[in-house]
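**Q** For the protein sequence lines, the chains are A and B, in the order given.
Mapping to the working numbering: the first sequence position 89 is 98, numbers consecutive.
Mapping to the working numbering: the second sequence position 124 is 542, numbers consecutive.
Any given hint could turn out to be false.
Derived contacts from chain A toward chain B, CB cut-off under 7 Å, selection only [what the hints assert, rightly or not]: (1) Asp86; (2) Thr344; (3) Ile349; (4) Ile372; (5) Arg378; (6) Lys384; (7) Ser388.
It is worth saying that the hints were derived from the structure and are not from the lab.
Backbone N, C-alpha and C fix where the C-beta goes; we use that ideal spot for every residue, glycine too.
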Amino acid sequence: MTDHWTFNRKIAAGFAMAVLFAVVIGAVAVSALRSIVAANERLLSVNTQLLIDAARLDAALERKVSAGRGLLLSGEDRFVDQIREGRAELLAAVERLRRLAESDEGLRLIEAIVSTEQVHQQILERLAAQRRVMTMTSMDALVRAFDEQLAPRRDQFQASVRAFSTLQEQLMTRARQEAQANASSTIAFLAAAVAVLLVLAALVTYVLTRTLQRQIGTAVSHVQSSSAELQAAANQQATGAREQAIAMVQINTTIGELLATARQISESAQRVSEIAKQTLAAARTGDGTVVEANESVGAIRRQMDQVVSHMMELGKKSQQIGGVLDILSELAEQTNILAINATIEAAGAGDAGNRFAVVADEIRELADRVAGSTKEVRSLIEDVRGAVNTTVMATETGSKAVDTGSRQFAEVATAFRQIAGLVATTTDAAREIELSTKQQTSAVEQVNMAIANVAQATRETEVSSGQTLDTVSQLANLSRDLSRLVQAPATA
Amino acid sequence: MSERSPLLTNHAARMRQAFDQAFAVAPPSAPPPQDAVLAIQVNGQGYAMRLSEVAGLFADRAITPLGAAPAGLLGLAGFRGSVVAVWDLRRLLGHSESKVPPRWLAVVAGVPLALAFDEYEGLLRVPREEGAFRDGRPLVDVALLVDEIRRRKAGSA
Chain A
10 MTDHWTFNRK
20 IAAGFAMAVL
30 FAVVIGAVAV
40 SALRSIVAAN
50 ERLLSVNTQL
60 LIDAARLDAA
70 LERKVSAGRG
80 LLLSGEDRFV
90 DQIREGRAEL
100 LAAVERLRRL
110 AESDEGLRLI
120 EAIVSTEQVH
130 QQILERLAAQ
140 RRVMTMTSMD
150 ALVRAFDEQL
160 APRRDQFQAS
170 VRAFSTLQEQ
180 LMTRARQEAQ
190 ANASSTIAFL
200 AAAVAVLLVL
210 AALVTYVLTR
220 TLQRQIGTAV
230 SHVQSSSAEL
240 QAAANQQATG
250 AREQAIAMVQ
260 INTTIGELLA
270 TARQISESAQ
280 RVSEIAKQTL
290 AAARTGDGTV
300 VEANESVGAI
310 RRQMDQVVSH
320 MMELGKKSQQ
330 IGGVLDILSE
340 LAEQTNILAI
350 NATIEAAGAG
360 DAGNRFAVVA
370 DEIRELADRV
380 AGSTKEVRSL
390 IEDVRGAVNT
400 TVMATETGSK
410 AVDTGSRQFA
420 EVATAFRQIA
430 GLVATTTDAA
440 REIELSTKQQ
450 TSAVEQVNMA
460 IANVAQATRE
470 TEVSSGQTLD
480 TVSQLANLSR
490 DLSRLVQAPA
500 TA
Chain B
419 MSERSPLLTN
429 HAARMRQAFD
439 QAFAVAPPSA
449 PPPQDAVLAI
459 QVNGQGYAMR
469 LSEVAGLFAD
479 RAITPLGAAP
489 AGLLGLAGFR
499 GSVVAVWDLR
509 RLLGHSESKV
519 PPRWLAVVAG
529 VPLALAFDEY
539 EGLLRVPREE
549 GAFRDGRPLV
559 DVALLVDEIR
569 RRKAGSA
């Protein structure tokens, strides 16, 4: 049952038991003290009072005696009052003694004192009466009577008082011894009770402390292990935060490089854009030049086509001329043949044919001349034809060259157009690069801010982990103290 | 021949001039003793043929070939209503047969025979002389050739 009690309850129970023991001891002690105190009280109050009163008796008697002496000497009334006062005091004291005294011997002595005092008083009153009526001259006799009658009573009184005092002193001594014995026994009893109760308390304490030690020890060991783990975790956190801070610095450096690189890329993209613009302008100029050249080439080709057609016409015409020449040739030949045959006939005709032979000869010569001219013309025509062919061939070659040139111009124009297209693409790409580098820069700057935030968080983490470490070490110290509280430190 | 000139424009004028001049010249009273020869070409070589031995000169006449004809006989051709046998002068002179049939025909006088040759160069009037050459050209002996032909004809028959 007690195992399920909380520490509060256990400690409260222990304290309650201790308090109970204390109360018990206290009660016992109080009762013992009370008896001792009562005894001492009696000792003090009664016995001392008796002694004091006994001494006061003496004093009162002395006052009375001195007052009586005074009265006897002076006969003033004031001394009477003094005597009365002294007596009253004495009687009061005697009354007190009577009240307080318990022993028979004491009472007897008190009665003796009283009787002695009564005698003394009687004597004193007698003497006083005597003094009142006496004159000054019998002072000596008064004094003598004082000494002779009062003094022995006074001595007796004093002896009784002394005896009472002695008795009281004895009684007091006895009472003191009794009281001491009582006290010793009480002390012994108390000591025994205390010892028993101490043993009980020790037992309870032992049980309680063992339980508490066990439980607190377990809890403390848990706390210690947890605090050790926490310390390790806090250390790791601190290390991690430090590494993170280093990584932050590296990232910062990298980001700086990134920004620089992005700026470089942006500048390069701008340069590329500029160059692309220039290239586009140059390509357009080149295109324009190519168009012009194409036009002139077209004009050249048209010219050449015209030349070729003219040449073809020339060729046809020369062919026609050749045809005419063929006719002429044929004519000349036929004329020649006829002339020859005529000459032959003329030779057969004899002399009459001579003049005819002459004419035939002339005809023949004419035919020869015609043939010769025809030959020359034909050779010229051949030259013309050859020139025409050469021209046509040259023109064809030129035309082919023009075609080639035209094709090459077309290719150049295509190339220029391609260049223009590529330049447009390049410009777009450069613009995109610029945009993306701007985006990249802004993103990098955002990253920078985020990094700064992270660095801040890291610093805070470091601080908090430092605080955690402090707290953990405090916790470890506390747990160590706590463990030291519940059990003795293990020997190393 | 008139002087060759590259410029044809002057040619006509010269022709006219020469033609006109020919009329201005008086006819020769007595012709010098000359021989008229035909300058011909056979297989690229120049020959001469006496005009007196030729009855007529013709060109590009249709020659009808004869089947199983003796070597050298090109065929038959018609001249002024008569038919003559055309013989290849190249073969007769000992040259090789030409791939292209000769254009010119010289009809032999008194015989229904024609000699075919490649080129007719012109009529030459050379001084009469003896010898196998006229104007540096070997003279074609027509009579000899006719005999040769008769022999060949007889041989093949």
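**Q** All hints, please: hold or fail.
**A** Hints, verified against the model:
no.	hint	verdict
1	Asp86	violated (219 Å)
2	Thr344	violated (12 Å)
3	Ile349	holds (4 Å)
4	Ile372	violated (10 Å)
5	Arg378	holds (6 Å)
6	Lys384	violated (9 Å)
7	Ser388	violated (9 Å)
This entry does not satisfy hints 1, 2, 4, 6, 7, going by the numbered hints stated previously.
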